[in-house]
Amino acid sequence: MKYLGIEPKRLRVGVFDFTSCEGCELQFANKEETLLDFLGAIDIVNFREISSDQGKDYDIAFVEGSITRSDEFARIIEIRRQAKILVALGSCACFGGVNALKNAYNLTDANREVYGTAPRETLPTRAIKEVVPVDMEIPGCPVNKDEVERIVQHLIWSIPFNFPEHPVCLECKQRFTTCVFEKGQLCLGPITRGGCTAPCPAGGTGCWGCRGEAAEPNFKEFSKIAHERGFSDLEISERMAFFGGFEGEK
Amino acid sequence: MLFKTIAKSEFKRLVEDLLKEEEVIGPKKIGEREDGKAIHQFLPVQSYGELDLEYGRTEYSAKTYFLPYKETLSKYKFSNDNWQQEIEYRLKPRFMIGLHACDINALLRLDKVLARDSYPSPYYISRRRNTFIVGIDHPPLEDCFCRAVGADVVTQGFELYLTSLGDRYFVSINSDRGFNLLKKYAIHDVTDEDTQAYLEVRREHAAGQKPLNLHDIPNLLDIEFYSDVWRQWGQKCLNCGSCAMVCPTCYCYGVSERVSMGGDEGEKSRQLYSCNLKDFACVAGNHNFRPDPATRLKYRYYHQHRGFTETFESPLCVGCNRCGRVCLAGINPPAIFNDLQAEGGA
Ligand code: SF4
Ligand code: SF4
Ligand code: SF4
Ligand code: SF4
Ligand code: SF4
Chain U
9 MKYLGIEPKR LRVGVFDFTS CEGCELQFAN KEETLLDFLG AIDIVNFREI SSDQGKDYDI
69 AFVEGSITRS DEFARIIEIR RQAKILVALG SCACFGGVNA LKNAYNLTDA NREVYGTAPR
129 ETLPTRAIKE VVPVDMEIPG CPVNKDEVER IVQHLIWSIP FNFPEHPVCL ECKQRFTTCV
189 FEKGQLCLGP ITRGGCTAPC PAGGTGCWGC RGEAAEPNFK EFSKIAHERG FSDLEISERM
249 AFFGGFEGEK
Chain P
-18 MLFKTIAKSE FKRLVEDLLK EEEVIGPKKI GEREDGKAIH QFLPVQSYGE LDLEYGRTEY
42 SAKTYFLPYK ETLSKYKFSN DNWQQEIEYR LKPRFMIGLH ACDINALLRL DKVLARDSYP
102 SPYYISRRRN TFIVGIDHPP LEDCFCRAVG ADVVTQGFEL YLTSLGDRYF VSINSDRGFN
162 LLKKYAIHDV TDEDTQAYLE VRREHAAGQK PLNLHDIPNL LDIEFYSDVW RQWGQKCLNC
222 GSCAMVCPTC YCYGVSERVS MGGDEGEKSR QLYSCNLKDF ACVAGNHNFR PDPATRLKYR
282 YYHQHRGFTE TFESPLCVGC NRCGRVCLAG INPPAIFNDL QAEGGA
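Chains as they are written, first to last, in the working numbering: chain U, 9 to 258; chain P, -18 to 327.
Hints were generated in silico from the structure; no laboratory data involved. No residue lacks a Cβ here, since even glycine has one placed at the ideal position from N, Cα and C. Among the hints, erroneous ones may be present.
Said to hold, decoys possible - Computed list of chain P residues with no C-beta within reach of chain U, every gap over 10 Å:
#, residue
1, PRO25
2, ARG38
3, ARG184
Claimed, not checked - Subject to a maximum C-alpha distance of 25 Å in a straight line, what follows is the list of computed DMTMM-like cross-link-like pairs (lysine to aspartate or glutamate):
#, chain 1, residue 1, chain 2, residue 2
4, U, LYS39, P, GLU246
5, U, LYS39, P, ASP245
6, U, LYS153, P, GLU248
7, U, LYS153, U, ASP51
Isolated chain U (complex conformation) (with noise of 0.2 Å):
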């Protein structure tokens, strides 16, 4: 229906999956609640989960995963060349994810201590953008619905939609927790990009930086603080290393 006068465009999605554990692409199928409207708002004609058409006639493309094998390459390239709106569907497809870890290591090492004996054909993982430009990227492990919905909102109404840049930290204290360093936790928070309602602190575990980086994030600071609660450089690489969000300091 016609909103503030404005007919809504009807989207034609595609929805993507390269390496990955569907997770994110699962989000399309999540929330009871509003999932016949948001299911009626769009149409979905290729998504390998909910139905086997493989329509190629879809403007937008959902892409979720990293690109970690041969063969995905011509696929991307082929969605790209198709797709009017190219966006990258969480950690894995914004900046490699955990898939990204294994880039640290030698891959022949890693492929052994993964596979045992039946090595699999593997790359170094790349995000999608660093094999074809990217339209917009959401980030998240997984991709927080509600997020979704509001993007694709934005979308059919032809509206740009800004991400927040403020770090988790905020949202944090507005579900009233109490900082983790208070208990003597490491939390990526203060450089990570909130929106996601900080779930990670509430629940004891501190942030992981899933949502990749805060708009200038103060790297210098950040580790200062954590040093002076008793965390070691090697831990606070790790923590950053996990979903591969922290470009700024690679």
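Chain U is already provided as a structure; the job is to place chain P with the ligands on it using the hints.
The following block gives chain P with the ligands in isolation, referenced to the frame of chain U:
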């Protein structure tokens, strides 16, 4: 103002009676820090025992009960060319027990902007009117500076205010509501002995706080606008907004609209914000009035201690130092004032 005394056991009975019918919110211990210190928050309580009236400071201020972090301002329903709006700001009366002077003063300072200035907020006013406030005196904490900003004493903004005199409370009564509630219980006229004991407690509290002279601060802030102090502290700021979230007086917010996925409903909501955040001063065209961390940090101090003072004759800040405690980078008002005063040769 009227003064009475009430035995602590009788006050307990009063609270227990309230608990049968009403919502009672007060300082409650919710856990401990790594160093073993208690963590308190203002929370609804179910029994008198859950109230810890001897608490030091709540982690979050009482502000969130009047200006919540997120609230719905209005809801809309659309049907064809028509639409309906629904606004709800009625609130069931509730009781808040155990606010310190700084938290009550914070509400009085917020009132100036949110209840009495050009654009009073009906949402805020409704929460203020429907909250019965019982304050309580407390010995000063090692790091607060309420005296320096005139927030250690309150003479209004509460119904009842308690000062502990051993087995009884000295009660200042400031409203009909307060008196009407209290008169149902065994209260006593104040004796000379009570007055002496009360004044003694007040003297002890006043003497217990580290002296800090902030009278020159509004002026000094003008003079030291380009001071290196801002750059030095600004370098440390994480731009996280935690300070403004725990602050009892920061009231900045953003308003956003959200339309339902089906497009037939909408909601306008308000979320508290902070001038320390990079996105705070960003306007259309991606212009940012305060592009660097030092400027943002500086403006938080300018609003609290200069801008507000110019308009309303007192700083906005009530000296609770919650912002200083919560800041991981150790940025706190006394340290910044100290540096400014050193710079200004005071
Ligand atoms: S727990 Fe983490 S996110 Fe929350 S306030 Fe502390 S540092 Fe920030
Ligand atoms: S708190 Fe950190 S790790 Fe958790 S969802 Fe948010 S960004 Fe991701
Ligand atoms: S002053 Fe401290 S709490 Fe406030 S935004 Fe800066 S780092 Fe965060
Ligand atoms: S100090 Fe900053 S966040 Fe607080 S009320 Fe003033 S402008 Fe708003
Ligand atoms: S000391 Fe800090 S938290 Fe407390 S009122 Fe002043 S600015 Fe706000």
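Here's how the hints hold up against the structure:
1. PRO25: holds, 13 Å
2. ARG38: Given a closest Cβ separation of 13 Å, the condition holds.
3. ARG184: Non-interface label stands for ARG184(P): nearest chain U Cβ at 34 Å, farther than 10 Å.
4. LYS39(U) - GLU246(P): holds, 17 Å
5. LYS39(U) - ASP245(P): holds, 18 Å
6. LYS153(U) - GLU248(P): With a Cα-Cα distance of about 18 Å, the restraint between LYS153(U) and GLU248(P) holds, given a limit of 25 Å.
7. LYS153(U) - ASP51(U): Within the cut-off at roughly 17 Å; holds.
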